[in-house]
Amino acid sequence: MAIVGKKFPSVSIDAMSDMGDDLKINVFEEAVNKNSKVLLFWYPKDFTFVCPTELHAFQAALPEFEQRNTIVIGASCDTNEVHFAWLNTPKDNGGIEGVTYPILADTHRQLSGILDILDQEVNYDEEGNE
Numbered sequence: 005m006a007i008v009g010k011k012f013p014s015v016s017i018d019a020m021s022d023m024g025d026d027l028k029i030n031v032f033e034e035a036v037n038k039n040s041k042v043l044l045f046w047y048p049k050d051f052t053f054v055c056p057t058e059l060h061a062f063q064a065a066l067p068e069f070e071q072r073n074t075i076v077i078g079a080s081c082d083t084n085e086v087h088f089a090w091l092n093t094p095k096d097n098g099g100i101e102g103v104t105y106p107i108l109a110d111t112h113r114q115l116s117g118i119l120d121i122l123d124q125e126v127n128y129d130e131e132g133n134e
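Under this note's numbering, the first residue of the sequence shown is numbered 5, with each subsequent residue one higher.
Please note that a few of the clues may not be correct.
[Claimed, not checked] In silico DSS-like pairs for lysine-lysine, Cα to Cα no more than 30 Å straight-line:
id : residue 1 : residue 2
1  : Lys49     : Lys10
2  : Lys10     : Lys38
3  : Lys41     : Lys11
4  : Lys11     : Lys49
5  : Lys38     : Lys11
[Unchecked claim] Taking CB as the label site, the calculated pair distances span:
id : residue 1 : residue 2 : range
6  : Gly9      : Thr74     : 15 to 21 Å
7  : Ala64     : Ala89     : 19 to 25 Å
8  : Gly9      : Lys95     : 34 to 40 Å
9  : Gly117    : Val54     : 22 to 28 Å
10 : Lys95     : Lys38     : 26 to 32 Å
11 : Arg72     : Gly98     : 28 to 34 Å
12 : Gly9      : Phe45     : 16 to 22 Å
13 : Lys95     : Asn39     : 30 to 36 Å
14 : Lys38     : Asn97     : 32 to 38 Å
Because the hints were derived from the structure by calculation, they are not lab data. Given the structure is predicted, the values throughout are model-derived calculations rather than measurements. Positions of the beta carbon are idealized from the N, C-alpha and C atoms, including for glycine.
The whole structure should be built from the sequences, with the hints applied where relevant.
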C-alpha cells in the first residue's frame, strides 16, 4: 500500500446512500469537484461486531469533518444490498441506522485492489467470504 505522494486512482465504484440510492462514486473526482479533502476509510465487513461503533463514531464527528472541508466515505467489499440492509438495521441491533455518508461497495475489488489493501493470503469470493 505505497500510495503516499502519488495521485489517488480515478475509478468509479458502486455505493449506497442512506436513502437507498445506488450511486457511482469516484473518490478522486469528488475531492476535485468539491475542492475538498476526503477521509476514505475501509472496514472488514457489514454486520460485524466492532464495525458499527466505528461507523457511528465517524457519523458523530461528521460536523467536525464538514467544518474542515472534508468528505467522509466508508468502504467495504460488501454489496449495495448488504449495505442497505445494514443502514436500515437499528443501532441497538448492531446496525448503522442513522449513518448519512456514502458507503462504497467495492464488490469487485477495483479500488481495494489498486490500493493493495486486501490481505493477499486470503482468497475472498464475491460476497467477501474466505
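Tested hints:
About 27 Å separates the Cα atoms of lysine 49 and lysine 10, which keeps this hinted pair within 30 Å; it holds. With a CA separation close to 20 Å, the supplied pair lysine 10 and lysine 38 stays within the 30 Å bound. For the proposed pair lysine 41 and lysine 11, the alpha carbon gap of about 13 Å is at most 30 Å, so the pair holds. Annotation: proposed proximity of lysine 11 to lysine 49 holds, straight-line Cα distance about 27 Å (limit 30 Å).
Distance restraint check for lysine 38 and lysine 11: the Cα-Cα separation of roughly 17 Å lies within the 30 Å cut-off, and the hinted pair is therefore satisfied. Evaluation of the 15 to 21 Å hint for glycine 9 and threonine 74 yields a pass: the beta carbon distance comes to about 20 Å. A beta carbon spacing of about 22 Å between alanine 64 and alanine 89 agrees with the range 19 to 25 Å that was offered as a hint. Our hint of 34 to 40 Å for glycine 9 and lysine 95 holds, since their Cβ atoms are close to 38 Å apart.
Against the hinted window of 22 to 28 Å, the Cβ-Cβ separation of glycine 117 and valine 54 comes to about 24 Å, which satisfies the hint. With their beta carbons about 28 Å apart, lysine 95 and lysine 38 fall inside the hinted range of 26 to 32 Å. Between arginine 72 and glycine 98 the beta carbons are some 30 Å apart, a value that agrees with the proposed interval 28 to 34 Å. Under the hint 16 to 22 Å, the C-beta atoms of glycine 9 and phenylalanine 45, about 20 Å apart, fit the expected range.
Take lysine 95 and asparagine 39: their Cβ atoms lie about 33 Å apart, and the range 30 to 36 Å holds. Separation of lysine 38 from asparagine 97 is about 34 Å and conforms to the stated range, judged on CB atoms against 32 to 38 Å.
The structure shown violates none of the earlier numbered hints.
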